[in-house]
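Asks: Got chain U; can you put chain X on it based on the hints?
Each chain is listed here by its residues.
Protein chains: 2
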Amino acid sequence: MTTNHPTAAILIIGNEILSGRTQDTNVKFIAERLDKVGIRLCEVRVIADNEKAIVETINALRAQYTYIFTTGGIGATHDDITAECLAKAFNVPLEVNEETFTILENHYKESFNASRQRMALMPRGSELLKNQICTATGFKIENVYCLAGMPTVMQNSFTLLLPNLKTGTPFVSNTVTCNLREGDIAHALTDIQNAHLNVEIGSYPFYRTPPDIGTNFVMHGADPIAVTDATNAVIKMVEQFGGTYTVDWFERKDESSMEGDTL
Amino acid sequence: MTTNHPTAAILIIGNEILSGRTQDTNVKFIAERLDKVGIRLCEVRVIADNEKAIVETINALRAQYTYIFTTGGIGATHDDITAECLAKAFNVPLEVNEETFTILENHYKESFNASRQRMALMPRGSELLKNQICTATGFKIENVYCLAGMPTVMQNSFTLLLPNLKTGTPFVSNTVTCNLREGDIAHALTDIQNAHLNVEIGSYPFYRTPPDIGTNFVMHGADPIAVTDATNAVIKMVEQFGGTYTVDWFERKDESSMEGDTL
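Those protein sequences? They're chains U and X, same order as listed. The working numbering numbers the first residue of the first sequence as 2 and each following residue consecutively. The working numbering numbers the first residue of the second sequence as 2 and each following residue consecutively.
Treat the hints as calculated values from the structure; they're not laboratory data. One or more hints might be untrue.
When chains are identical, the list treats them as one kind, so a pair holds in a single copy or across two.
Stated by the list, open to error - Below 25 Å or equal to it, Euclidean Cα-Cα: the simulated SDA-like pairs (lysine to any residue) are: (1) K167 with T247; (2) K53 with N233; (3) K29 with P225; (4) K53 with A223; (5) K131 with N217; (6) K131 with T210; (7) K237 with E85; (8) K37 with E143.
Only chain U is shown next, with the shape it has when bound in the complex (with noise of 0.2 Å):
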């Protein structure tokens, strides 16, 4: 389905994502408020903190989407390596943000050793991204947006950051619930597809403790009347096969349950 949606990708950087020790979180924190402005996330990619891996690959997403949001690499230590990284990818020097050397050296007084002042290089032509958690030194250069890796911190850079950004037609989705087996009733739903085409259909069924085996229907747009329609059309065919089932409407998921869902 082709939309005038801008589009966007995610990229991790980070070892520890790749050796299982750390579960990301950050992914479904971005995801949700990327799609509740109509921001269309094509791609997530994790990625180890190596020069040459973050450079290819920053120069290979910003060619592609509109907005790229990294996160981890923000720091004063040796692995911190983004701004460095971002430098070489835009081929710009990377230099002092005399915004962010000022910042970082009220905040630290005595302490702004030459590590922390460090944190104050960037790209050049960046934009410094605040927080209102600690002085980590996110930055933004052109399309590309570089948070910090620590969830609270990337949280709340990113929910400054949002209000700036160009957006679409917010989508929305529904999902229902229900008991029977996709098997029994895929050729009823491809039908329901074919007939709504810009609403995305997606079956997920689950296998928990018999008998509670069944299917989770999606129904994903940015035409709520639309996204509507493919739901009860969902619900009837449900009914059709004598099927129990409950429903999870988009107009619940205000900001404040979306906020309980993921912090």
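Replies: The following block gives chain X in isolation, referenced to the frame of chain U:
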């Protein structure tokens, strides 16, 4: 750091991750287990249920890494397109896998409808990947392992296939959690990293409710003695800077605690 470990990438095929609806947990499950058997996970990608994206990504990844693990798109409905995309990527016909057809036919009996028969279609040259939870039809073609997206099914399939992979020297990691701020010790930590080049040292600050502020140092590598040496050097550094700490040594991460951690 270059080693002769087998390498891997994970490809999550899933609109439900990109829309923010679903929190992925498959990456951490697979990543932890690959690390433990000495297969280096180099990259993760999440892409949409889109033929062009799947075919191009599979071909990019399979040329680059020893193993590719995909999750999602295995099933009976219109959005399950992994098998046909893999046939296109490998440029082979999509055809009935007889073993799979027989298993499905015996299981579903009179419910073995056209949609479910579609689940027996695999790229020519595939082998069925079984699981003990349900009849989801994962398959392997050359170095690409296609698994279900449902965590319980994926986890069971992956556990069954893992002993058949070519492995390397297991990776181990220790974590030192301390109450120092990374900016204060960054220089000393760089010296430790430079003195232990076959250990990856990661620094992950945390800012929870003050005074619960500090840093996790993670020492990760395939040489347990080198990882222990680097850990002891970090502990000595923390003591020299007047910090307090706890250590999570790799010996304590046995299989049962890993299971508890992820399931």
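Asks: For every hint, state whether the structure bears it out.
Replies: A quick look at each hint next to the structure:
Taking CA atoms no more than 25 Å apart as the test, K167 paired with T247 passes in neither setting, with 35 Å inside one copy and 45 Å between copies. Neither within a single protomer nor between protomers do K53 and N233 lie at most 25 Å apart by alpha-carbon distance, with minima of 49 Å and 30 Å respectively. Taking the shortest Cα distances, K29 and P225 sit within 25 Å of each other inside one copy (22 Å), while across copies they are farther apart (34 Å). In this homomeric assembly, K53 and A223 come within 25 Å of each other (Cα to Cα) only across copies, at 22 Å, whereas the closest approach inside a single copy is 37 Å.
For a Cα distance limit of 25 Å, the shortest separation of K131 from N217 across copies, 23 Å, qualifies, whereas the shortest one inside one copy, 39 Å, does not. Taking the shortest alpha-carbon separations for K131 and T210, only the inter-copy value of 19 Å comes in at or below 25 Å, while the best intra-copy value is 46 Å. In this assembly of identical chains, the alpha carbons of K237 and E85 never lie at most 25 Å apart, being 56 Å within a copy and 30 Å across copies at closest. In the homo-oligomer, the alpha carbons of K37 and E143 lie at most 25 Å apart inside one protomer (23 Å), although the nearest pairing across protomers, at 40 Å, exceeds that limit.
Of the hints listed earlier, those the structure fails to meet are numbers 1, 2, 7, in rising order.
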